[in-house]
Amino acid sequence: MAEQYMVGLLGGVIASLLGFVFLYCNFLIRFRGLRKLNRAASMEFPKKNSVNKTGKSEGVGTTDIIIVGAGVAGAALAYSLGKDGHRVRVIERDLNAPNRIAGENCVDEIDAQRLLGYTLYKDGKEARVSFPLEKFQSHVAGRTFHNGRFIQRLRKKVASLHNVSLEQGTVTSLIEENGIVKGVHYKNGNGKLLTTYAPLTIVCDGCFSNLRRSLCYSKVDIPSYFVGLTLTNCNLPKENYGAIILAHPSAIVFYQISSTEVRCMVNVPSENVPSVSNGEMACYLKTQVAPKVLPELYDSFISAIQKKGNIRIAPNKIMAAAPHLTPGALLIGDALNMRHAITGGGMTVALSDVVILRDLLRPLHDLSDASTISKYLESFYTLRKPMSSTLNILANVLQKVFSASSNPAMKNLQHTFLGYLRLGGMFSYGASAMLCGLCPSSLSLAFHFFSIAIYGVGRLLLPFPSPRRLWDGAKFLWMASSVLLPYIYSEGTRQMFFPLTVPAYYRTPPENKDKKNFMQ
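For the sequence shown, the numbering used here assigns the number 45 to the initial residue and increments by one for each residue that follows.
No lab work stands behind these hints, which were simulated from the structure alone. Note that the structure is a prediction, hence the values are computed from the model and not measured. This list has only true hints and no planted wrong ones.
DSS-like mimics (lysine-lysine), calculated; alpha carbons at most 30 Å apart, straight line: (1) K166 to K351; (2) K351 to K282; (3) K361 to K166; (4) K519 to K336; (5) K282 to K352; (6) K444 to K169; (7) K127 to K200; (8) K455 to K169; (9) K519 to K444.
When you get a sec, could you build the whole thing from the sequences and use the hints?
Listed below in structure tokens is the structure:
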């Protein structure tokens, strides 16, 4: 243990020196980004309604902004823009409460549970990862809950604004004229085909989006599926802490979703998903997964399997953001970008997108010049990178590390990761700060990667280097790099680490026509 600690300490010292430059650069980048957003949000212009340039409208007429989808991103964005005075029309396919297995103010009155971190279990060892909340007030913590209850609370807030309309309907297509999106065609709850127009249409219709193909280069990967169960009459080993079991053949995640229920998510590789309908999945869970479940959860796990209709499956989709600029339209949320759900980071990224986009749109009261607005909003895709890239890469890398593997180098990587977290201090807190979105920094991600790499190689070289140990260290570095680097490449190295070199980063709000006329 002493040798392990000394290796960790040495790794931390070396990585700290390497990371000092990273963190300093990160400070400059974040400072410039926040200053830009604050400057945009503080600009005030005389208010004036948008002018419709598309001629006489059909059906339900025109508005300032159309939002397609009223999930977490759509509902939160509609409320934020409505509070800023924009006229918003939200079209949601189904306004009933969603019944999803998902990474689960509006958390009041839905029996949401406090989450302070996770405990990881592997081969009889454990590592606790606590969120670094010491500098925050006592009420600040993670929250886990029923996804449907949370979304219905968001929609209730949206419906309370007089300038925001929320209606049920299925958007069938975007209306495009001369390369500019003018509005949408949609069918309402009665199946009637309607048309509505707006200078800006924001598409956030989720992971199953049928509109993203015209707005981005979508390449979706499904490495695994989550098999979801709801457990009752049980308690997690540590109060306010989720549990992640790294086991063969599947990683298992447990977290509280109400005062009486625990959500269980079993990560099953895509190439080996048993059928639910013929009973193969229930057999798989009982014979392959149940023996790996913690003793205090075992009986409830078996009971949940036997409960009819309690087994549900959802694909874990991965898709890097690759939008192409389309005047009059914008993508956000899972319609734009998805990461593996094992860390539950999708909601954090979505709400971060909402805050950034709200601040960019706040000074704009005339959206009629679609081309100019589109060029200005291009900065959104760079400004979102610190949060989205950090959580995307963490989720996608961890799902690979947590997956069962017969490769000795991958097993070494699993043990190294757990050992790194058990070192505590800056090692554990730094990783958990990124995981929960409190430190959304690509450079911090690089810093911890270097730390883990140094720690892992050091473990393999002890008590003294030998040709075999040097070879094992080289294989370890190759495995770690082959897991991480492809995801960095897909996220965009330049936007992640050198955002100040991206021209869109410096876009300023276009001058409103009504202000120009007022000044003349």
